[in-house]
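*Asks:* 662 is the number that full-length UniProt numbering gives to position 662 of the sequence shown; each next residue is one higher, with no gaps.
Derived by calculation from the structure, the hints in this document are not laboratory data.
Please note that a few of the clues may not be correct.
[To be verified] Computed cross-link-like contacts, DSBU-like style, restricted to lysine-lysine with a CA-CA straight-line distance of at most 30 Å: (1) 340 to 297; (2) 619 to 582; (3) 387 to 403; (4) 196 to 306; (5) 379 to 394; (6) 394 to 502; (7) 306 to 320; (8) 331 to 320; (9) 128 to 73; (10) 261 to 196; (11) 196 to 185; (12) 185 to 203; (13) 97 to 129; (14) 74 to 106; (15) 297 to 128; (16) 403 to 378; (17) 397 to 416; (18) 619 to 558.
All values reported here derive from a predicted model rather than from experimental measurement.
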Amino acid sequence: MSTQNGMYYSLLEWFKTLNLNAPHANAEELADGVALAQALNQFAPESFTNSWLSKIKCSAVGSNWRLRMSNLKKVVEGVYEYYTDVLNYTLQQDFVKPDVQAIAEKCDLTELERLLQLVLGCAVNCAKKQSYICEIMCLEEELQANIMRALQELESSTRQSAEGGGVVSSLSRNSLSNMLEGNTKAQEERDAMAQKCFETEKKMLLLIDEKTNLQQELQKIQQEFARLELNTIGDDGVSLGPIQAGSVRYNELRRQLDLVKEELLQSEGAREDLKIKAQQQEADILHMQQRIDELMKTTAELTSLKDEVDVLRESTDKLKVCEAQLETYKKKLEEYNDLKKHVKMLEERSADYVQQNAQFEEDAKRYANTKGQIELFKKEIQDLHAKLDNESSKNVKLEFDNKNLESKTLTLQREKDSLLKERDNLREAFDELKCGQLSTNSGSLAGNTVSRELQPSAMVDKIQRLEAENKALREGQGGQTALAQLLDDANKRCEHLREQMKTANERILSLTHASQSDDPILKENELSKQIKQLMELNEQKTLQIEESRTQNSTMQCKITQLESSLSAREQELMAYEVKYRKCVEKAKEVIKTIDPRIASGLEANILEKSIDVIEEESKTKMSNMEEQLMASAYYRLGVNAHRDAVESKLALLMGSGQTFLARQRQSAPRKSLTTMKSK
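Could you put the whole structure together from the sequences, leaning on the hints where they help?
*Replies:* Have a look at this one:
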């Protein structure tokens, strides 16, 4: 057996122990993949089903390497699926996938060794793994070592989940502890028996030496006896005589013979004792040899068990780590479910925020459109304020003229009444004259000429003009009262100041008029005092008007500032919305890509805290934005009301530069009133 392919031959010897229908004695018989498929079906019939086994082509394979390669491909794919789906193992990149083409064409032993190694992993991890592991333990020590090395290589190249154990995790801890205790006892007995064997060997060597010495002494005695029996001459050269009964020599020899027999009997008894002891020692030696062989086997098993114990210790350590990881993963799974619920809540809130942001964007667009209008309104307000000052001064003069015209109208009304009386008298006279007409044409012509001559032409024109003015006054009386009511309603804010200015200006104009009519020298001092007082009042009122203007300008500045802050807040809101969307996307990516072996609960807590902080910030920003929008809407409403009041006043002041009758005939204020109502 070569050292390079020792693992292959060990795996082949193990594979031969399987009870399969297909031949599986050498590499050529394994290259078709039929025996391997049957073995996998025997290991895990629930994964490698009979339908899967029927796809393996058994007949007509022969030397067709393409059919063999298709069978081997199915076997390799089935093994990899079994590792990933059932065993939850992931083969790393350092474990090279078996080359099925090399196995099918050349029967490559290294590739076949990898394939057998994968099949061995399926055997020791299936439901019947205990029986297969026992069969492996019954093999020779060298084969067991190679198979164990193959399993360790396979285990080092697989990455397991937290649910699995090691490849040799089938042995229970109790059986291992019992085996270790029995092994220690057997080792102690082996040491004691070895010591006894050593002592018995020493005793046996001593007895063998004694036996050889006794045999040598016996030989010497026998030689001496023969010499003495045959020799008739003593050591000193004296003849001993014949050996006869009753002779001295015979008696002496008889005595010596008895002594020798006694010694011989003693030596034979000692020999028998030694022989019995030797037999007992040999039996003990055989028993000890058997015990030594058994102890050698137990030592081999002990070494293998020590290796298994080391592997099991590592696997138990891994199991403890995996159990701890499993508990942490369970906690993380619960946290992950909580995070899912929280993310759903955040998505709903984000949808609400998106709708609110859309509404805010629409409002911002509306506000952007109103910015230009506000600037135009500012310019118009400034122009209108200037016009208002001019028109107020004109209004005072026109009201003074209006009073003068009213006095004139009163005089004209009196004249009109007198003229109406005269007209009635003339009509009565005309009727009397008409009744007293003559029947002739000359008389009638003379009467007509007389009536015409009685009525002057200037009087007729004046009557016609007065009638037309009376009709116009009657028609415009209702509009005048409505305009007066609207004027009173529109001038509620500045009524007090305007009335005081009007009274002051009226007094100035009346005094100037009186000064023109009366003697100026007498009333000069009084007029100067009154003019000073009126000028002071006028300055106070102008200051108050300027203060109201400054307040209006400050309100406009506040409106512009609020609009600028609104735009800035809108930009901040958009930025926060972008940040919020990024945070939500990051949270989704973290939840999708979270690995239960790597992810920690701290990340989930940090994510929840960051999401809560963003929600609180968004809530505060939204509340601030709502307050600012309400304030800006309130200020805008005030500006619109002020603008409407100014426009109504200007519409009423448009007709103040004409005469009383012309203003009554004119319909322009009525149109401005309708436009003001529509606004």
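*Asks:* Look at each hint and say if it fits the structure.
*Replies:* Structure-based check of all given hints:
Of the pairs offered as hints, the one joining residue 340 and residue 297 is violated, with about 60 Å between alpha carbons and a cut-off of 30 Å exceeded. About 18 Å separates the Cα atoms of residue 619 and residue 582, which keeps this hinted pair within 30 Å; it holds. A threshold of 30 Å between alpha carbons decides the hint, and for residue 387 with residue 403 the separation of about 24 Å falls inside it, so the pair holds. For the suggested pair residue 196 and residue 306, the alpha carbons sit about 27 Å apart, so the restraint of at most 30 Å is met.
Between residue 379 and residue 394 the alpha-carbon distance is near 23 Å, which keeps this suggested pair within the 30 Å criterion. Proposed proximity of residue 394 and residue 502 is supported: the alpha carbons are some 11 Å apart, at most 30 Å. The straight-line distance between the Cα atoms of residue 306 and residue 320 is roughly 20 Å, inside the 30 Å bound, and the hint therefore holds. For a cut-off of 30 Å, the pair hint linking residue 331 to residue 320 stands: about 17 Å separates their Cα positions.
Distance hint between residue 128 and residue 73 is fulfilled; the C-alpha atoms sit about 25 Å from each other, no more than 30 Å. Distance hint between residue 261 and residue 196 is unfulfilled; the C-alpha atoms sit about 37 Å from each other, more than 30 Å. Distance hint between residue 196 and residue 185 is fulfilled; the C-alpha atoms sit about 17 Å from each other, no more than 30 Å. Proximity of residue 185 to residue 203 is assessed by CA-CA distance (about 27 Å); at most 30 Å being required, the pair is judged to hold.
With a C-alpha separation of about 24 Å, the suggested pairing of residue 97 with residue 129 holds against the 30 Å cut-off. At most 30 Å may separate the alpha-carbon atoms for a hinted pair to count; residue 74 and residue 106 meet this at roughly 19 Å. Proximity of residue 297 to residue 128 is assessed by CA-CA distance (about 26 Å); at most 30 Å being required, the pair is judged to hold. For the hint pairing residue 403 with residue 378, the CA-to-CA distance comes to about 36 Å; that exceeds 30 Å, so the pair is violated.
Restraint check for residue 397 and residue 416: the C-alpha separation of about 28 Å stays at or below 30 Å, so the hint holds. Taken as a hint, the residue 619 and residue 558 pair is honoured in the structure, with Cα atoms around 25 Å apart against an allowance of 30 Å.
In summary, the numbered hints that this structure violates are 1, 10, 16.
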